[in-house]
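Undergrad: Listed here are the chains, written in short residue letters.
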Amino acid sequence: MNKSASMQIPLSKGGRQPWLPGGCPFIEKTRQIGTETTPSPPSTGESDAFSSAVVSLKRSWGILIKSLSVLQILIALLACQHNKPVLHIYTWADYIKPELTHRFEADHQCWVIIDTFDSNEAMYAKIKAGASGYDLVTPSSYMAKIMYDQGLIQLLDHSLLSNLRHIDPDYLKIAIDPEMRYSVPYMLTNTGLAYLRSKVPDFEPSWRMFDRKDLKGRITMLNDMRETIGAALKSLGYSLNTINDSELEAARDVVIRWKRNLAKFESEQYKTGLASREFLLVHGYSGDILQVQRENSDIQFDVPVEGTSIACDDFVVAKNSKEVTLAHQFINFMQEPEVAAENTNFVAYLCPNKTSYPKISEKIRQNPGVFLRPEIRAKSEVIQDLGANNVKYTRIWDQIKAAN
Amino acid sequence: MKQSRLPLVITLLLLAFFYLPILVLVITSFNASRFGTTWEGWSLHWYRRLLQEREILHALSNSLIIAVSATIVSVILGTTAAFALHRYKTRLQRFHYALIYTPLVVPEILMGISLLLFFVAIGMELGLFTIFLAHVTFCISYVAMVVLGRLQDFDFTIVEAAQDLGAGWWASTWRVLLPLLAPGILAGGLLAFTLSIDDFVITFFVAGPGSTTLPIRIYSMIKHGSPPLINALSTLLLLITFMVVWASQHLTRESS
Numbered sequence: 001m002n003k004s005a006s007m008q009i010p011l012s013k014g015g016r017q018p019w020l021p022g023g024c025p026f027i028e029k030t031r032q033i034g035t036e037t038t039p040s041p042p043s044t045g046e047s048d049a050f051s052s053a054v055v056s057l058k059r060s061w062g063i064l065i066k067s068l069s070v071l072q073i074l075i076a077l078l079a080c081q082h083n084k085p086v087l088h089i090y091t092w093a094d095y096i097k098p099e100l101t102h103r104f105e106a107d108h109q110c111w112v113i114i115d116t117f118d119s120n121e122a123m124y125a126k127i128k129a130g131a132s133g134y135d136l137v138t139p140s141s142y143m144a145k146i147m148y149d150q151g152l153i154q155l156l157d158h159s160l161l162s163n164l165r166h167i168d169p170d171y172l173k174i175a176i177d178p179e180m181r182y183s184v185p186y187m188l189t190n191t192g193l194a195y196l197r198s199k200v201p202d203f204e205p206s207w208r209m210f211d212r213k214d215l216k217g218r219i220t221m222l223n224d225m226r227e228t229i230g231a232a233l234k235s236l237g238y239s240l241n242t243i244n245d246s247e248l249e250a251a252r253d254v255v256i257r258w259k260r261n262l263a264k265f266e267s268e269q270y271k272t273g274l275a276s277r278e279f280l281l282v283h284g285y286s287g288d289i290l291q292v293q294r295e296n297s298d299i300q301f302d303v304p305v306e307g308t309s310i311a312c313d314d315f316v317v318a319k320n321s322k323e324v325t326l327a328h329q330f331i332n333f334m335q336e337p338e339v340a341a342e343n344t345n346f347v348a349y350l351c352p353n354k355t356s357y358p359k360i361s362e363k364i365r366q367n368p369g370v371f372l373r374p375e376i377r378a379k380s381e382v383i384q385d386l387g388a389n390n391v392k393y394t395r396i397w398d399q400i401k402a403a404n
Numbered sequence: 001m002k003q004s005r006l007p008l009v010i011t012l013l014l015l016a017f018f019y020l021p022i023l024v025l026v027i028t029s030f031n032a033s034r035f036g037t038t039w040e041g042w043s044l045h046w047y048r049r050l051l052q053e054r055e056i057l058h059a060l061s062n063s064l065i066i067a068v069s070a071t072i073v074s075v076i077l078g079t080t081a082a083f084a085l086h087r088y089k090t091r092l093q094r095f096h097y098a099l100i101y102t103p104l105v106v107p108e109i110l111m112g113i114s115l116l117l118f119f120v121a122i123g124m125e126l127g128l129f130t131i132f133l134a135h136v137t138f139c140i141s142y143v144a145m146v147v148l149g150r151l152q153d154f155d156f157t158i159v160e161a162a163q164d165l166g167a168g169w170w171a172s173t174w175r176v177l178l179p180l181l182a183p184g185i186l187a188g189g190l191l192a193f194t195l196s197i198d199d200f201v202i203t204f205f206v207a208g209p210g211s212t213t214l215p216i217r218i219y220s221m222i223k224h225g226s227p228p229l230i231n232a233l234s235t236l237l238l239l240i241t242f243m244v245v246w247a248s249q250h251l252t253r254e255s256s
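Protein chains in written order, with our numbering: chain A, 1 to 404; chain B, 1 to 256.
Read the hints as simulated data drawn from the structure, not as lab findings.
Errors might be hidden in some of the hints.
With a straight-line Cα cutoff of 16 Å, these simulated EDC-like cross-link-like pairs (lysine to aspartate or glutamate) come out [what the hints assert, rightly or not]:
#1 Lys-392(A) to Glu-247(A)
#2 Lys-379(A) to Asp-398(A)
#3 Lys-322(A) to Glu-125(B)
#4 Lys-401(A) to Glu-278(A)
#5 Lys-264(A) to Glu-247(A)
#6 Lys-145(A) to Asp-168(A)
#7 Lys-97(A) to Glu-125(B)
#8 Lys-145(A) to Asp-385(A)
#9 Lys-173(A) to Glu-125(B)
Taking beta-carbon pairs under 10 Å as the criterion, some of the chain A residues facing chain B (in silico) [as the list claims (entries may be wrong)]:
#10 Ala-106
#11 Asp-107
#12 Cys-110
#13 Ile-113
Some chain A residues close to chain B (C-beta under 8 Å, calculated; not the full set) [to be verified]:
#14 Pro-85
#15 His-88
#16 Trp-92
#17 Asp-94
#18 Lys-97
#19 Glu-99
#20 Ile-114
#21 Asp-115
#22 Thr-116
#23 Phe-117
#24 Gly-130
#25 Tyr-134
#26 Pro-178
#27 Pro-374
For each residue, glycine too, the CB sits at the ideal point set by N, CA and C.
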């Protein structure tokens, strides 16, 4: 594709336009269309009816094309790319502070185009089917591993990534790709407990909270087998990636005991349920809770001392990227401590960049939803894909769902 | 005898069932609060934020380019297809009918993934052009069906009369046939426009870098972005859709 105009409609190919310093092929082409098709006066025709029909057809066609080209010029003015290289990022919505991409664009004389996806699986289905053109993608760690195993992403060139020395070594110990061979951690999230301060007296940060009889029927847990069985495993002091049958059975009994105390297993509506005071205590994702917290200051978030699950989205470079160097430069830019701190403040997830931690705003640093205390982080784990052993979890989960 | 009130009550309940959620969405788009759960006063904050979002505006312009161009092309192709289907009753046309009818019943996800595989197989760069092609593919069917419906009660003797009076093929088509078909063609075109502007599934698969459309953007914002922005955006989309639907109804009514 023509690098100079990546937001284009596929018409845009052409040379320089003298009156446009950068030469915007887009505008030039649309202008050509506009002039080419301006209806020419009718020539003396054989059949009057025929030529008048042709003329009126031409005229309306001309109007159509003209209005289209007006639209295109508008778009072109919005999108005119000149001749700079373009970096295509495929990521979640609102996941990078816009000012930072503008700064990167200015520093590296390039354009950054962001496209968005809404789930790892949808993004994977698309890239796996052969969709190309994306340079930088931000899948979750487990998906990054799958994509690497399938040869969809490339090994990183560490000589271009000097800022990797800032990455938190404590996180890397539990990461799926600890040597950052194909992925660089971008944003961390974790699960935990959220509750209404005014309604839940003597809260203690522990998974044991799900046993509290005074909250019966006002509690939810995530409708996610790995998260919920994982919470039970953690409460028993086991790894949440265990494949030991007796440990899993012990965890099953714990979840079944909790289940009798729960309102339901719920992965989406618990946020609004908490905000509207329908639920008093929920098991949820830190990012979700932070959003509701901005609304309702009564909502508190804490992470159980037994440890929890950590999820991470990583930067990876697509196999068929055309801007490999630029993609590396972007990763390196986002891992500059100042930039990482600014981004963490904006996105409210934690970029695991150790040098950036002191630069993060105090409010975010005090929030256990974003900033996991080191001693709890040491006990927390990343949920890993267990391959064939996933069946063990599915079986246990079915038993939990069937129990009453 | 007094007429029963029941039908009226049922109608009102049904209307409430259909439109209340939309009304709630429109109202919450003016909510100053980040979540719909609490009311914090009227505000145009989210509409203002919307205008500052470069990516959303880019997505909107993508959507409009595709919707307009796909509508134009599918109206032309769909109308000619409908004409052929109505005029010639050969075995080939029966096959043609099945071909036109299929996109209406094929699940969107199937169409999306197969188009993606096709574009990748022939090495076509994914982008606005592939979305345009995909949209034309399904829009043609809708246009053809609407126009076909209009052709079915079209009196062809009028065209013959025009020809008797000396009109050539072009004149009779351009001056007689098309003006009479125009309401159907326009209704089909508006239908195509609305379908194109809010298609998600197919578009998601055939979109390439830099060609994120509005529905794709909205969908990813639900998970990771600010919900009220989506409400504001949906309200605007709704406004466009309602206007288009109103216009299409108006046009069809005028004709009958």
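Undergrad: Give a verdict on every hint.
TA: Going down the list of hints, with the structure as the test:
no., hint, verdict
1, Lys-392(A) to Glu-247(A), "holds, 11 Å"
2, Lys-379(A) to Asp-398(A), "violated, 27 Å"
3, Lys-322(A) to Glu-125(B), "holds, 13 Å"
4, Lys-401(A) to Glu-278(A), "violated, 23 Å"
5, Lys-264(A) to Glu-247(A), "violated, 24 Å"
6, Lys-145(A) to Asp-168(A), "violated, 20 Å"
7, Lys-97(A) to Glu-125(B), "violated, 29 Å"
8, Lys-145(A) to Asp-385(A), "holds, 9 Å"
9, Lys-173(A) to Glu-125(B), "violated, 40 Å"
10, Ala-106, "violated, 15 Å"
11, Asp-107, "violated, 18 Å"
12, Cys-110, "violated, 13 Å"
13, Ile-113, "holds, 5 Å"
14, Pro-85, "violated, 13 Å"
15, His-88, "holds, 4 Å"
16, Trp-92, "holds, 4 Å"
17, Asp-94, "holds, 4 Å"
18, Lys-97, "violated, 13 Å"
19, Glu-99, "violated, 11 Å"
20, Ile-114, "holds, 6 Å"
21, Asp-115, "holds, 5 Å"
22, Thr-116, "holds, 4 Å"
23, Phe-117, "holds, 6 Å"
24, Gly-130, "holds, 3 Å"
25, Tyr-134, "holds, 5 Å"
26, Pro-178, "violated, 26 Å"
27, Pro-374, "violated, 27 Å"
Hint compliance for this structure: hints 2, 4, 5, 6, 7, 9, 10, 11, 12, 14, 18, 19, 26, 27 are not met, and every other hint is.
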